[in-house]
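If you read the sequences in order, they're chains A and B. Quick note: the first sequence uses our numbering, first residue 1, plus one each step. Quick note: the second sequence uses our numbering, first residue 1, plus one each step.
Incorrect hints may appear among the rest.
In silico DSS-like links for lysine-lysine, alpha-carbon gap of 25 Å or less [to be verified]: (1) B:Lys191 to B:Lys144; (2) B:Lys144 to A:Lys172; (3) B:Lys191 to A:Lys172; (4) B:Lys98 to B:Lys229; (5) B:Lys229 to B:Lys278.
Don't read these hints as lab results, they were simulated from the structure.
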Amino acid sequence: MELLAGLVESRLPHDARAWLADARAQAARGDVNGLATVYTAAAVRVGRAPLAASAADAAALAAAAPLAGVGFDRWTLTDGVRAVLLASRRTAGRAGEAFAADALACFDLCDAGEQQSWLRAASLWPEAEALRAVVIDACRTNILPLFEAVACENPYPARYFPERNFNQMVLKAMFNGVALSRIVGLPERRNADLARMARDYAAERRAAGRSVPGDIGLALEGPAAQEMA
Amino acid sequence: MRIFDPHVHMTSRTTDDYEAMAGAGIVAIVEPAFWLGQPRTQAGSFVDYFNSLLGWERFRASQFGIRHFCTIGLNPKEANNARLADEVLALLPRFLAKDGVVAIGEIGYDDQTDEEQRVFERQIALAAEFNLPILIHTPHRDKKQGTIRSIATIRAMGFPEERVLIDHNNEETLPLVLESRCWAGHTIYPKTKMDEERMAALVETYGSDRIIVNSAADWGISDPLKVPKTIAAMRARGIGDADIARIVWDNPVAFFAQSGRLDLGDLDAPDAIDRSQKFETNSVLRGDQVPSAR
Numbered sequence: 001m002e003l004l005a006g007l008v009e010s011r012l013p014h015d016a017r018a019w020l021a022d023a024r025a026q027a028a029r030g031d032v033n034g035l036a037t038v039y040t041a042a043a044v045r046v047g048r049a050p051l052a053a054s055a056a057d058a059a060a061l062a063a064a065a066p067l068a069g070v071g072f073d074r075w076t077l078t079d080g081v082r083a084v085l086l087a088s089r090r091t092a093g094r095a096g097e098a099f100a101a102d103a104l105a106c107f108d109l110c111d112a113g114e115q116q117s118w119l120r121a122a123s124l125w126p127e128a129e130a131l132r133a134v135v136i137d138a139c140r141t142n143i144l145p146l147f148e149a150v151a152c153e154n155p156y157p158a159r160y161f162p163e164r165n166f167n168q169m170v171l172k173a174m175f176n177g178v179a180l181s182r183i184v185g186l187p188e189r190r191n192a193d194l195a196r197m198a199r200d201y202a203a204e205r206r207a208a209g210r211s212v213p214g215d216i217g218l219a220l221e222g223p224a225a226q227e228m229a
Numbered sequence: 001m002r003i004f005d006p007h008v009h010m011t012s013r014t015t016d017d018y019e020a021m022a023g024a025g026i027v028a029i030v031e032p033a034f035w036l037g038q039p040r041t042q043a044g045s046f047v048d049y050f051n052s053l054l055g056w057e058r059f060r061a062s063q064f065g066i067r068h069f070c071t072i073g074l075n076p077k078e079a080n081n082a083r084l085a086d087e088v089l090a091l092l093p094r095f096l097a098k099d100g101v102v103a104i105g106e107i108g109y110d111d112q113t114d115e116e117q118r119v120f121e122r123q124i125a126l127a128a129e130f131n132l133p134i135l136i137h138t139p140h141r142d143k144k145q146g147t148i149r150s151i152a153t154i155r156a157m158g159f160p161e162e163r164v165l166i167d168h169n170n171e172e173t174l175p176l177v178l179e180s181r182c183w184a185g186h187t188i189y190p191k192t193k194m195d196e197e198r199m200a201a202l203v204e205t206y207g208s209d210r211i212i213v214n215s216a217a218d219w220g221i222s223d224p225l226k227v228p229k230t231i232a233a234m235r236a237r238g239i240g241d242a243d244i245a246r247i248v249w250d251n252p253v254a255f256f257a258q259s260g261r262l263d264l265g266d267l268d269a270p271d272a273i274d275r276s277q278k279f280e281t282n283s284v285l286r287g288d289q290v291p292s293a294r
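Required output: the full structure, derived from the provided sequences and hints.
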């Protein structure tokens, strides 16, 4: 997290860096409204430029993430700042249950853009598992970028979702034309029920005279598919 | 031909839509309670939503000569928020008792989770208690399994199948529903679910018994004229008017009449529409508009 904070700071112009120092202090103290206010303000203060300015930046961030597969190369500066703000609260003596409660309260106040930042960072925290219900619920959205924030370039679902929810997410990705190759850990999480759901989906598409997604095999292949064959 | 659209989310439509629907022959509609595109976080949001279905929306429809009924229920997507679900379930009896509520719905499965199962079963029990039919939403994903499971749950609870309308069917699920004694709804959408040509082909294969079609028009890409457009597609295929009338009028009327609350009296001689009427001082007219004769 220090590495993320360092990179974020290095990418900010002088005045935004000063704002971030104040914002981190505000996020660390008082009730969650203070955190939520700077969490929202980040978009206006630091903008939506890519977080990783170079391949070297992206590689350094990837090496620093607690879980492999966080798609830092798709993060914006705003996403990075928001993760740093949550981290500031966590390190100010509010780790564990208190952090989970703060993070969830922050999410409740988020608009769709803020929720995307929050979801992209969900796997970064030692308390990640305590956020599971909210991350699963976020998959119900009809807002595609929000769904992608969970399903794509994010190790959270493969690590924490029960099989039923993971399978539903994969099927929803197919429904929405999201490339299955973007789902982190799909090869390891494939299972017989997912293969059955994917086959039923293909049959439904054919019966309706519609095309079947070209990458549906990613949900079928592997040991599970061989068992069924 | 008189048309009944038994599933259309009018709260997300404009008065232009009401005007076009009335012009196409739609005289009665059912608006099922569903979700709003993003999750609600407070039970109070449901109170206001249910009240708008029963109040403002019914009034708005009446201003275009359309009889508006609704179904009340906790949809399966939002059933997954257990705390909120319990609060909403506690509110439902108050609303299920109201006039113009012709079924409990849309209920059923979305992701087919344990929470959805619990909320589904609670609402089937409420339907029995309030003597209401049930409108079942079948899931977008894993639909065939969701349909099989919906019928199994209805049977396990001993709820009469002829008082159940299973909606959003496709080629894979319709035979399953017709094997039961449930009614089979079809949502005709521009891009997903079912289109009017495929629907006409299904009617050719399966006939008109227990078959219902709707537009489900909501805040997504949808078309509140899909029922009249499906009538045109059926006629083009040579399906007779008696079968068509059964699908777009007799069947939905027979189904929802089981509630005992489907008042279609005076439809042939409706009161002249008076758009200067107000619902709690709010009119569908805006600015300096003068009511036009229709």
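Hints, one by one, checked against the model:
Between the alpha carbons of Lys191 of chain B and Lys144 of chain B the distance comes to roughly 19 Å, so the proposed pair stays at or under 25 Å and holds. Our distance criterion of 25 Å between C-alpha atoms is met by Lys144 of chain B and Lys172 of chain A, whose separation comes to about 15 Å. A hinted pair counts as satisfied when its Cα atoms are at most 25 Å apart, and Lys191 of chain B with Lys172 of chain A qualifies at roughly 16 Å. A hinted pair counts as satisfied when its Cα atoms are at most 25 Å apart, and Lys98 of chain B with Lys229 of chain B does not qualify at roughly 33 Å.
At roughly 32 Å between alpha-carbon atoms, Lys229 of chain B and Lys278 of chain B are farther apart than 25 Å, so this suggested pair is violated.
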